[in-house]
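Novice: Sequence:
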Amino acid sequence: MPELPEVETTCRGIAAHVLGEKIKQVLVRDRRLRWPVISSLEDDLKGKTIRNIWRRGKYLVLDVEDCYVLLHLGMSGSLRILYDKHVPGKHDHVDILFNKGHTLRFRDPRRFGSIHLTHDSPLEHPLLKSLGPEPLSDDLNADYLYQRSRKRSQSIKSFIMDSHTVVGIGNIYANEALFQSGIHPLRQAGRISSKRYEKLVVAIKSVLQEALKKGGTTLRDFVNGSGEPGYFRHELQVYERGNLACFKCRSTIKTVRQGQRATYYCPRCQK
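Offset between the sequence shown (1-based) and my numbering: plus 3.
If you are wondering where the hints come from, they were derived from the structure by calculation, not from laboratory data.
Certain hints may be false.
[To be verified] Distance windows between CB atoms, simulated: (1) 191 / 87: 50 to 58 Å; (2) 54 / 252: 49 to 57 Å; (3) 129 / 19: 28 to 36 Å.
[As the list claims (entries may be wrong)] Straight-line C-alpha distance at most 20 Å; calculated DMTMM-like pairs for lysine to aspartate or glutamate: (4) 208 / 142; (5) 154 / 137; (6) 217 / 201; (7) 27 / 47; (8) 103 / 68; (9) 198 / 238; (10) 198 / 146; (11) 51 / 24; (12) 217 / 238; (13) 198 / 243; (14) 49 / 24; (15) 154 / 141; (16) 208 / 98; (17) 103 / 201; (18) 93 / 66; (19) 132 / 98; (20) 208 / 123; (21) 202 / 213; (22) 154 / 98.
Glycine included, every Cβ here is placed at the ideal spot set by N, Cα and C.
Please build the complete structure, drawing on both the sequences and the hints.
Specialist: Structure, rendered in structure tokens:
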């Protein structure tokens, strides 16, 4: 699933191509995304100009004059800018065509992504209103996580992946940040000291910033707005390295299942 670095990379990559551009037409080939695409999307956006684009958590927000588009990439979605004619593929569900001839294409093989439209403040939309702080902001700090985690029995990995706690941290970067901070992913969030939360916050910010520099992580489907993969996968320390040697201590990386997600950790480096 695209996480914060992938969504931010997408946002930065397409911004120069869509800001100030007038929408000529919207083509919806398949409305069956995680939530059905509203039938009025084409008419609502036609002739409008994209005034701004930003990210909130894993959502992209497009300011389109009198309305806002909230777009989530889901498990396998991507956005690409196309300047030449490209025959749409099976999973190319939505095209936004601009007056200058280029296209913003939404591709989503697994169709867990979504596109929403609102005429009200996007930050008051039900999908965004209750989100936690941005992980690269000053709002995410050790004291915040420590206080919020008190009396919590859930694992620390589940705790930091909860978008109500902090946004944008998915399975890849949760595994990596916990390894970097030396915290066992199954340890109860409420039993972690303030000092260890300080290390975790530093690790979260460090991992995400490095992933942004590398353009995110491509494991299967993710590409940026130019169709290029992210290269942070070459920096992964534990994620999808089960049964391989830890780069730090040479112990064997362990894998456990938490719900439907795989968790990776070093039994020697993480306590």
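Novice: All hints, please: hold or fail.
Specialist: Hints, verified against the model:
Judged by the Cβ atoms, the range 50 to 58 Å given for residue 191 and residue 87 holds: they are separated by roughly 54 Å. Look at residue 54 against residue 252: about 51 Å separates their beta carbons, and that is inside 49 to 57 Å. A hinted range of 28 to 36 Å holds for the C-beta pair residue 129 and residue 19, which are about 31 Å apart. Proposed proximity of residue 208 and residue 142 is supported: the alpha carbons are some 12 Å apart, at most 20 Å.
Restraint check for residue 154 and residue 137: the C-alpha separation of about 23 Å exceeds 20 Å, so the hint is violated. Our distance criterion of 20 Å between C-alpha atoms is broken by residue 217 and residue 201, whose separation comes to about 25 Å. Straight-line distance between C-alpha atoms of residue 27 and residue 47 comes to about 12 Å, which keeps the hinted pair within the 20 Å bound. Our distance criterion of 20 Å between C-alpha atoms is met by residue 103 and residue 68, whose separation comes to about 18 Å.
Proximity of residue 198 to residue 238 is assessed by CA-CA distance (about 26 Å); at most 20 Å being required, the pair is judged violated. Proposed proximity of residue 198 and residue 146 is supported: the alpha carbons are some 9 Å apart, at most 20 Å. For the suggested pair residue 51 and residue 24, the alpha carbons sit about 8 Å apart, so the restraint of at most 20 Å is met. Only pairs whose Cα atoms come within 20 Å are accepted, and residue 217 paired with residue 238 is accepted, the gap being roughly 9 Å.
Simply put, residue 198 and residue 243 have alpha-carbon atoms about 28 Å apart, too far for the 20 Å limit, and the pair is violated. The hinted pair formed by residue 49 and residue 24 meets the criterion: a straight-line CA distance of about 12 Å does not exceed 20 Å. The hinted pair formed by residue 154 and residue 141 fails the criterion: a straight-line CA distance of about 24 Å is larger than 20 Å. A C-alpha spacing of about 34 Å is found between residue 208 and residue 98, which places the hinted pair above 20 Å, so the restraint is violated.
Distance check on the hinted pair: residue 103 and residue 201 sit about 49 Å apart at the alpha-carbon level, beyond 20 Å; violated. For the hint pairing residue 93 with residue 66, the CA-to-CA distance comes to about 28 Å; that exceeds 20 Å, so the pair is violated. At roughly 28 Å between alpha-carbon atoms, residue 132 and residue 98 are farther apart than 20 Å, so this suggested pair is violated. A hinted pair counts as satisfied when its Cα atoms are at most 20 Å apart, and residue 208 with residue 123 does not qualify at roughly 31 Å.
For the hint linking residue 202 to residue 213, the alpha-carbon distance of about 16 Å falls within 20 Å, and the restraint holds. Taking the CA atoms of residue 154 and residue 98, the gap is about 47 Å. The hint is violated against a cut of 20 Å.
Violated hints for the displayed structure, listed by number in ascending order: 5, 6, 9, 13, 15, 16, 17, 18, 19, 20, 22.
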